[in-house]
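Engineer: The chain contents come next:
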Amino acid sequence: MAILQRVKLQTLSIPLLSLLIAFIFGSLLIAMQGSNPLFAYQVLFTKAFGSIEGIATTLAKATPLILSGLAVAICLRAGLFNIGAQGQLISGALASAWAGYSFVGLPFLIHIPLALLFGAFFGSFVALVAGLLKAYRGVHEVITTIMLNSIVIALADYLASTPFKEPDQPITRTPKIEESARIPDLFGLPFGFFIAIAISVVFWWLMRRTTTGFRIETIGRNRNAGWYAGISVKRVIISSMLLGGATAGIAGAVETLSITGRFEPAFNAGLGFDGITVALLARANPLGVIPAAILIGGMRGAASTMQFRAGVAPEIVDLLLALILFFVTAPILLRLLKRKEEGISLSSGWSN
Amino acid sequence: MTNLLEVENLSKRFGSVQANHEISLTVKPGEIVALLGENGAGKSTLVKAVIGLVKPDSGVIRVKGEELPYGDTAEAIARGIGMVHQHFQLVPVMSVTENLVLGDEPTKFGFIQMQKAKRETAELSKRYGLAIDPDAIIEDLPVGMAQRVEILKALRRDVSLLILDEPTAVLTPQETDELLEVLRNLAKKGVGILFITHKLREVMALADRVVVLRNGKLAGSTTPKESSESQLAQLMVGREVVLHVEKGPGNPTGAALEVRELEVLDDRKLEAVKGLSLQVNAGEILGIAGVEGNGQRELVEAICGMRNRRKGTVRIAGKEVPNLKPHEVHAAGVSHIPEDRERHGLVASYSIADNLVLNRFDQEPFAKGWIRNLDAVASNGEELVERYDIRTPSASAPASSLSGGNKQKTVVARELSQDLPVVVASQPTRGVDVGSIEFIHKQLISARDRGAAVLLVSAELDEILSLSDRVAVLYGGKIVATFDSKFANRDEIGRLMAGSQGAHS
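Sequence lines, in order, name chains E and D.
Per the numbering used here, the first sequence runs over residues 57 to 408.
Per the numbering used here, the second sequence runs over residues 3 to 507.
It is possible that some hints are incorrect.
30 Å max Cα-Cα, derived DSS-like pairs, lysine-lysine [to be verified]:
hint, chain 1, residue 1, chain 2, residue 2
1, D, LYS191, D, LYS66
2, D, LYS313, E, LYS290
3, D, LYS370, E, LYS290
4, D, LYS271, E, LYS290
These aren't lab readings, by the way, just hints derived from the structure by calculation.
Isolated chain E (complex conformation) (with noise of 0.2 Å):
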């Protein structure tokens, strides 16, 4: 058992490690920028979670995090590194942004779930052409998904500049999504972070329990043994795209459904890319991406008013995601915890 234990630590220990290791470097930032480190994350936390309507804003900060954490997550787990989360994500919010808006009339219970069903379809759609090429072709999925992500992003511009531009304006974005096809809040909270979490704990029981989870897992973690055993890498390749795009494109969908309300291509920027981070922070568990997106989440939204009050300029967020996502990425820290690395591999290697 002790053996379990320690493994079981190890999971929890890098990633807090790598947060604490971050924020001293940060402190070291913001000290040259003249501003009192200590005072700053202060600042930057009380916003976070200091108050209710604090920690409204950073669980619908968090909510696209989470979804975004999972699509990258699930892949993770078949040894796959899906780059291409941003690219599924925009393509959820404006497949379920012109189906927000071109519906006229359905009621809220048929619209909001039809609409999140195009952002799931569209987004798994990008997806599947990276899991074909590589689950037929070879073609390495770092490469297709971040072609794929300049693919999605310039087709995007034009679909929300042209055919699908909300007439006479100038602002390049969709219409309005109709009333019935707005998610709403509840309780205070909005109604997508509930989503959110149930979609977590579904893949985290998919993963346990699960024989379609038992076979991705396996082929993340030895594709010969698994293939040997009789699990069908393609299919395990293809579908955990599959998954993963949808809850990516999901991710997109939710945005535009509870917050913009509209596709607006520079709404949604980087919170595909921030996915990453979540699932590495996470290392790869469906319910770990839960705190990792909290705490990102937060960290964005509370940002601005850091500057304002701190006199830090946003950007050290960026900064100080930056370094967690290296601490917990490089394997500096393994080898100060003297352990031999257990578990999920973190990406594919670049020539299989």
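Once you've looked at the hints, dock chain D against the given chain E.
Structural biologist: Just chain D, lined up with the frame of chain E:
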């Protein structure tokens, strides 16, 4: 003549494995020394210690009489030791010349003098009689040529001792002959050569002296003139501790596994199994004896669905099976203990319990439809850990926490607990401690006693002789003889393993 290389009492231990134990060896200028031994005998560790890639625990390495510091690759190279690795260290998209000068380019004002480098390459290839096009791109070259570049790379640095790690493993027979010629010429020019191999033919054809390693120890040192291939084979595969296996007489009934006219290609698309036929009856163990590389791996993989057959049929329990995937062969009634347990047998980071159901995780009782039954997996795990004596505090511990022997017992438990009519065991005790070997042997015999047909492939002749009811000798992709193990004679088998009778390649 002074010795070029002297190794004295060199020892190296990796964890619980004694890779080298007090090994001594010398190479004189112009002498070709073959380092012979089975996989895992410690050959690579020894040469890596010489070149400085591995730090020995104790012992002395001298080059031209002067002691070489441990683990200092740069110093070893500076003293004139060159090594040609089994896996080439070349940049595939660059030309021959570019690869040769890499890291030591002739420059003028910081610019590479490509013309000068090319002239140098041409000169070098002429001096050593190694014809090669200086402008050819590495990835366009056949393997034999790429290896030539590796050798030239070493020669360019004025080596006096050239070490080659299984240089012929990737070559075709023609390329092998060319390489042997090249090495002979180098030796005539005074270069000492130390080459690793487990192929007896090459040793007999090339070496001045043979040093045989077995289980990390020096098993013998001789010359091709004073010995024969069969003697060398025995030195290689013999084991000091002859394990005694308790076993009653077999009770063979009808054929459970029949292989007819099987032809299989190896990874290089060369014919490795050449029209092989065999039959294993229910209730008997058929052992395949042979020096590694004679088609054992391809034979097993073709039976177990890991490699396609080019020709021939396989029948399992009387039913012909086509080319199938591994799990389909398993479903047809074949348990397989794979040669590479880390690669195919186990998922190291999974619990022992999950590994014990790896090929049945989606079947009753371990899953009901889509939902896994973790209680059934756990209780199956506990039961098998107990029954197969897997030494672990808990079945929920990761497989990576087990020793080699217990990992193998986990694979054996999964495969043999299912009571399938055919068992194929490939190197079942390689790298396994003595206690686990005994246990695994007992399990194989009890599988036989319950009526399974067991096909045993092993590089250990003693293992084959003590477990099998019948012994088949595999040489050059064919079975050259089959014996009842009661009448099997070690010397005769050794001779057959070396190909002294029947066809040779």
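Engineer: Decide, hint by hint, whether the structure agrees.
Structural biologist: Now for the hints, and whether the structure bears them out:
1. Taking the CA atoms of D:LYS191 and D:LYS66, the gap is about 17 Å. The hint holds against a cut of 30 Å.
2. For the hint pairing D:LYS313 with E:LYS290, the CA-to-CA distance comes to about 28 Å; that is within 30 Å, so the pair holds.
3. For the given pair, D:LYS370 sits about 24 Å from E:LYS290 by alpha-carbon distance, which is consistent with the 30 Å threshold.
4. At roughly 25 Å between alpha-carbon atoms, D:LYS271 and E:LYS290 fall within 30 Å of each other, so this suggested pair holds.
Violated hints are absent here; each numbered hint is respected by the structure.
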